[in-house]
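In case you want the letters, here they are:
2 protein chains.
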Amino acid sequence: MKLQMAYSFLHKEIEIVEAELGRVVLSEQEMLSSVSLKLLQSGGKRIRPVFVLLGGRFGEGNQENIHHAAVALELIHMASLVHDDVIDEADKRRGTETVNAVWGNKVAMYTGDYLFARALTVMAEIENPKAHTLLAETILELCRGEIEQMKDKYNYDQGIKSYLRRIKRKTALLIASSCELGAISANASEEVQRILYLYGYYVGMSYQIIDDILDFIATEEQLGKPAGGDLLQGNVTLPVLFAMENKELKKKIMGVNEYTTKSDMANLIESIKETDSIEKSFSISEQYLQRALHVIKPLPNGQAKMALYSIAKYIGKRKK
Amino acid sequence: MKLQMAYSFLHKEIEIVEAELGRVVLSEQEMLSSVSLKLLQSGGKRIRPVFVLLGGRFGEGNQENIHHAAVALELIHMASLVHDDVIDEADKRRGTETVNAVWGNKVAMYTGDYLFARALTVMAEIENPKAHTLLAETILELCRGEIEQMKDKYNYDQGIKSYLRRIKRKTALLIASSCELGAISANASEEVQRILYLYGYYVGMSYQIIDDILDFIATEEQLGKPAGGDLLQGNVTLPVLFAMENKELKKKIMGVNEYTTKSDMANLIESIKETDSIEKSFSISEQYLQRALHVIKPLPNGQAKMALYSIAKYIGKRKK
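Order-wise, the sequence lines are chains A and B. Residue numbers are given in the working numbering: position 204 of the first sequence equals residue 204, and the series is strictly consecutive. Residue numbers are given in the working numbering: position 95 of the second sequence equals residue 95, and the series is strictly consecutive.
Take the hints with a grain of salt, since some may be wrong.
Put simply, identical chains are the same to the list, so a pair is met inside one copy or across any two.
[As the list claims (entries may be wrong)] Taking lysine-lysine and the BS3-like style, the derived pairs with C-alpha atoms no more than 25 angstroms apart in a straight line are: (1) Lys151 - Lys38; (2) Lys38 - Lys313; (3) Lys106 - Lys168; (4) Lys313 - Lys92.
Because the hints were derived from the structure by calculation, they are not lab data.
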């Protein structure tokens with residue numbers, strides 16, 4: 001099943017959001033427009049806007065507010081990716097070259113700043129203090145996650161706890177906030193807001209763990225970048241943490257650096273896959289997914305709830 | 001006269017703002033805390049918080065809101081300086097080394113991101129939609145100014161109009177917003193808000209022009225960085241635009257690059273000072289100042305209005 005099937009009933013709203021995204025990133029500065037448009041067109045699953053729209057289905061609020069929130073969330077996500085790629089010195093994302101790879105770090109820095117500022121002007125349209133507080137806190141956590149990721153690079157003695165905290169900040173909270181912001185913008189009840197936030201948090205944790213697993217088990221074609229990229233960039237993810245329980249393997253993993261050849265890396269990835277690290281990681285992801293499926297039980301039945309179920313299940317099985 | 005004398009009656013409020021600034025930049029990440037604290041302690045005139053506080057004197061609003069706005073404005077200003085220094089590859093600011101010079105561009109990028117995010121969480125405390133819209137628009141313009149500055153580097157054929165637009169975005173709008181935000185947070189009348197915005201805009205334009213003049217006529221000691229730094233970094237400012245009306249000089253100015261020696265630079269600065277470029281720049285700054293002094297006439301008399309007068313006059317005469 002394709003993911004989009006799960007929420008095909010949102011297609012008109014997604015079109016509106018997509019059009020607004022295209023409109024707001026345009027700038028009188030030609031270069032900025034072209035960089036931003038390229039980013040926008042390079043794909044991305046728009047999973048955050050989808051969660052906002054789904055959250056919005058649990059209330060009766062102003063549709064425009066919901067669309068603004070969806071656009072703002074995607075812009076913040078894009079901005080954080082652009083700055084992330086600077087820190088990771090990443091060359092490729094989603095099969096295309098990163099902004100820093102093509103135009104350098106400075107352009108990437110200000111493109112991120114611009115997208116971020118644009119998100120704020122879109123958000124400012126929503127006259128709801130709770131929405132602003134939630135978004136500000138989320139952005140701050142996102143920054144903290146970015147900083148932790150940089151600090152924890154090549155730190156092979158970190159525990160699973162610090163990994164989980166990092167992906168919470170880097171990924172899960174933005175998805176949690178997407179779900180909740182939809183509900184807030186739709187004036188859904190506080191109980192519904194809370195449930196959606198938790199759902200988003202659990203799904204987000206699972207999503208990032210799967211992402212980190214795929215970095216080892218997916219093909220370069222599926223990933224749009226070379227496999228094992230996280231490890232090469234010094235990002236110590238869950239499969240790595242489990243694999244390092246084997247001391248021999250830990251030594252090899254700690255030896256990875258910029259001079260590691262492609263074939264050495266391929267061998268190392270094979271060794272990691274031969275351990276139970278992938279299986280164990282899947283199992284943790286699965287625990288989060290089960291919590292996500294459980295927490296939404298009290299929500300009123302309907303298309304939106306069905307979609308939340310389907311998305312959570314899809315995430316557990318996704319291949320890219 | 002010292003600038004601080006003009007608003008000595010604000011000293012208690014300034015202390016509150018200073019203490020909150022110190023508190024909010026603290027982070028559980030030691031490095032981030034130390035970088036932020038160093039930035040905070042490296043001086044800076046806190047002119048934006050002062051304008052917020054003065055704007056706040058024209059209404060009867062919640063004092064906490066006014067303090068939050070003051071803190072947020074200073075954090076945004078600090079964040080923008082940190083990212084600016086990356087783009088300018090600046091080594092020194094206010095006599096101390098820049099974040100990028102000491103810790104590199106990546107740390108500078110995320111320190112700016114963090115300060116910016118922190119500003120948003122402080123701002124989120126203010127439940128006033130107009131305040132959020134104003135701030136979002138100002139931040140967007142600030143980004144645009146930053147980008148324009150980068151784009152216009154080493155562009156010696158730009159006109160005075162594009163210089164004025166750039167400093168409007170880079171400097172004047174943030175000061176205008178500081179004044180207006182104070183008034184908004186204090187629930188001052190719309191007319192007062194508008195007047196304070198205009199005052200801030202005029203004062204901001206004048207302030208930046210003087211800054212650009214001082215880069216030529218002040219000493220290294222006064223500037224806390226070598227004179228002529230703007231020109232070295234390719235920033236084409238008002239005195240340069242006027243000096244280039246002399247074609248001989250234009251040639252020399254266009255020849256400045258990273259290999260220009262200190263003594264060649266000193267000679268060039270002398271040649272620029274021998275033209276009427278400095279005088280002409282002062283005269284444009286003075287025009288803005290006159291407008292600032294004029295626009296606040298309708299404001300109710302009192303300490304705050306007096307302080308606005310004094311600050312505007314001080315800016316016209318400042319030496320560093």
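Violated hints, by number in ascending order, as checked against the structure: Hint check: 2, 4 fail, others pass.
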